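> First to last, the protein sequences are chains L and E.
So our numbering is basically just the index in the first sequence, starting at one, shifted up by 26.
So our numbering is basically just the index in the second sequence, starting at one, shifted up by 13.
In short, the hints are calculated from the structure, not lab data.
Mixed in with the good hints, there may be bad ones.
Cβ pair distances, simulated, as ranges [to be verified]:
no., chain 1, residue 1, chain 2, residue 2, range
1, L, Q449, E, T31, 39 to 45 Å
2, E, L87, L, Q429, 39 to 45 Å
3, L, L470, E, K174, 21 to 27 Å
Listed next, the stretches of chain L that the computed footprint assigns to chain E, with coverage defined by at least 3 CB atoms under 8 Å from CB atoms of chain E [claimed, not checked]:
no., segment
4, 430-438
5, 447-460
No more than 30 Å apart at the CA atoms, straight line, and that leaves these computed lysine-lysine pairs for DSSO-like [as the list claims (entries may be wrong)]:
no., chain 1, residue 1, chain 2, residue 2
6, E, K188, E, K15
7, E, K188, L, K467
8, L, K461, E, K15
9, L, K461, E, K152
All figures in this text were calculated on a predicted structure; none of them were measured in a lab.
Yeah, the Cβ is synthetic: ideal placement off N, Cα and C, and Gly gets one too.
So the chains spell out like this:
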Amino acid sequence: MALRYSCPSCEMDITVLYLEAGRKAKCKKCGAESLVPPSAAKVRAEPPPLARPATSMGEGHALGHRLREIIKTGFVKYTAGTVALVLVASLLMFFFEYDNYAGSVAGHLGKDQSEITAWDTFLHTLWWSLVTFTTVGYGDISPASHLGKFFGAIIMLSSFFWAILLSGVVASFLVEVALREDDTLDQNKFKGHTIIAGWSLMVEDILKVMQTEESTKPVVIGGAPLIILINEMPRDEIKRAVENFDRLDITHISGRYTQEAVLEKAIVDQAENMILVPDKSGLAAEDPADENVIPLTVFAVRSLTDNVRLIAHIANSELKEQLVQAGCDEIVLTDEHTPDMITNHILNPGVPQLVEQIGAVGGDGHRLEIVDLPPLLIDSTHLNVFSYFKENFSALLLGYTVQASGFDLEDEMGETGDPIVRQMITEQLQQSGIKLSSEEKMELEINPSDDYQVSAKNRCVVLMNNQNVEQA
Amino acid sequence: MKATAKQIKKVNFFSSLTDQQCASIAEMVEVVECPADETLLTEGDFGDKMILVFRGQVEVSKDFTLRAKDGFELSQKPIIRLETTDPAPVSGPKTEAVVPVVRSPAFGLGEFSLVLDKAIRTAHTVTTTPVQYGVLTLKNFKQITDEDPTIAGPVYFEVAKNAVNSLSKASEDIKNLTQAFFFALLRG
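Bound conformation, chain L alone (with noise of 0.2 Å):
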């Protein structure tokens, strides 16, 4: 969490880090200081970028993966800093205390004076400055002119808070390091897994559901649904949050899953739905999270792969559009639905009532389910599968879902036209990154005609009695 507030000199924007509300702070571009008002935004802390992992690359492409990172962290410019200054101070000592340290150094070679070198000289200096920069300090050997001192004042000031960065840099990349490979997940294990991105609410939720629905299932031992989440909080509590899921198995990627890099940790590549929610992780609960960032996911995670079905949940219904566009499979908007069931109560009294029951899922007594198409009834009518469902299930067959082909533009265009300009087409469209085909898409056939022909791309939606679900 960050401090966010406007500088009273130049209204400036001021974002401070790990800063309360009374304490100072600096403007970047004029220079005043101003203390930090308890009316201050709070808004997310950027974290710094994240180094990524080297598991799938070779030893020697990590080790200079490594190294890059090392460099990028400003390690390489802290150290070259160091040996900037430890120079730099021992030429000042060298010009304004010559005297001092030649008489020194030949009293450690045990020489005449007239016999020391510059050479001499100039390596006695450069030690006094490494050992005053490391804080030993043995004394052998100190300024003596007051210009020299007061040099030699500077130097061991800006040496101590040199140190200070220094180390700080070496412990923070120490750490990034630890927590990224802690964090890198097996290939092999994750396939087919849900990514929960975001945290709010609404996740504990999806996850209290998706535990219900286990929990009608028999146990399979290493059967448990794998679910990544992919938010921004503290480990330990999101570890309180998930405990009592003991049906799902759970990991948590710590990140922004806007981040290229975060996403493929989570080997979304792999999985099979990914859940997009506003990210309420990093704010204060007070504060909205920002929906913006989705649709800009939803297009970070096509490039990456087109096999995951994503599911975003906004409540900003202007950005439907533009995640339609970005290529989000399924849209849930908060509230959608409410101004119907409100209607309804008063218009068709029962019917809110009857969508509460058969929509939650787990819930004791009538359900909706979505169940394959037995084999004996592939192209069929639809009255044999309802007369089907009706005797052996006593379940209620409302209609189907159907796996519409999607739309392929050479299979549109087949043999019509000009060959040159078909060929011009395709290439013009792959050579700008468009795929010629789209994905399937599922599409509702709700209470169709008696004689509606069924084949293997219908699935049944069916009214169940939670009884007889499992002999469905």
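Here the structure of chain L is known, so what remains is to put chain E in place on it, guided by the hints.
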């Protein structure tokens, strides 16, 4: 050198005419010879001359604006090669064909010139072997049809047939391009 009635009859536009009628056309057609790599027609130009190729091979190509690394570029794409079979070209083509080669005893190019005095050339035509061809102008053709109006019917029927085929292909191209355009808009 003038063309012969036999040469004229080999061109599909005139194949249903009588020998006498072909002879009267041949009298108006001067035969020219040219080497490979000669441009016979340029896309976008206007002309009133139909080219009758009696011997040799030509490549027909069109200009397309295509996406390049840094923006767009105009690119000339070959579409088809046409080659005579009676007689066959004196030598093989200078460059290998990357498009289908359609063979016929002889063939005509720019037949819309027999309809309009400023017919637009819809493609580039470049010779790929030495070519022997004749030129029939709209003015000369009108003169022949004025003298013998029965020539016009069969010839214009063939021209119309070609025009209808081209139109239907163009309409399919437009459909494909429109489809691709909306597809790209949706997916891009």
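> Taking the hints in turn, state whether each one holds.
Consistency of the hints with the structure:
{"no.": "1", "hint": "Q449/L <-> T31/E: 39 to 45 Å", "verdict": "43 Å, holds"}
{"no.": "2", "hint": "L87/E <-> Q429/L: 39 to 45 Å", "verdict": "43 Å, holds"}
{"no.": "3", "hint": "L470/L <-> K174/E: 21 to 27 Å", "verdict": "49 Å, violated"}
{"no.": "4", "hint": "430-438", "verdict": "holds (count 3)"}
{"no.": "5", "hint": "447-460", "verdict": "holds (count 9)"}
{"no.": "6", "hint": "K188/E <-> K15/E", "verdict": "45 Å, violated"}
{"no.": "7", "hint": "K188/E <-> K467/L", "verdict": "24 Å, holds"}
{"no.": "8", "hint": "K461/L <-> K15/E", "verdict": "56 Å, violated"}
{"no.": "9", "hint": "K461/L <-> K152/E", "verdict": "52 Å, violated"}
In this structure, the earlier hints numbered 3, 6, 8, 9 are contradicted, and the remaining ones agree with it.
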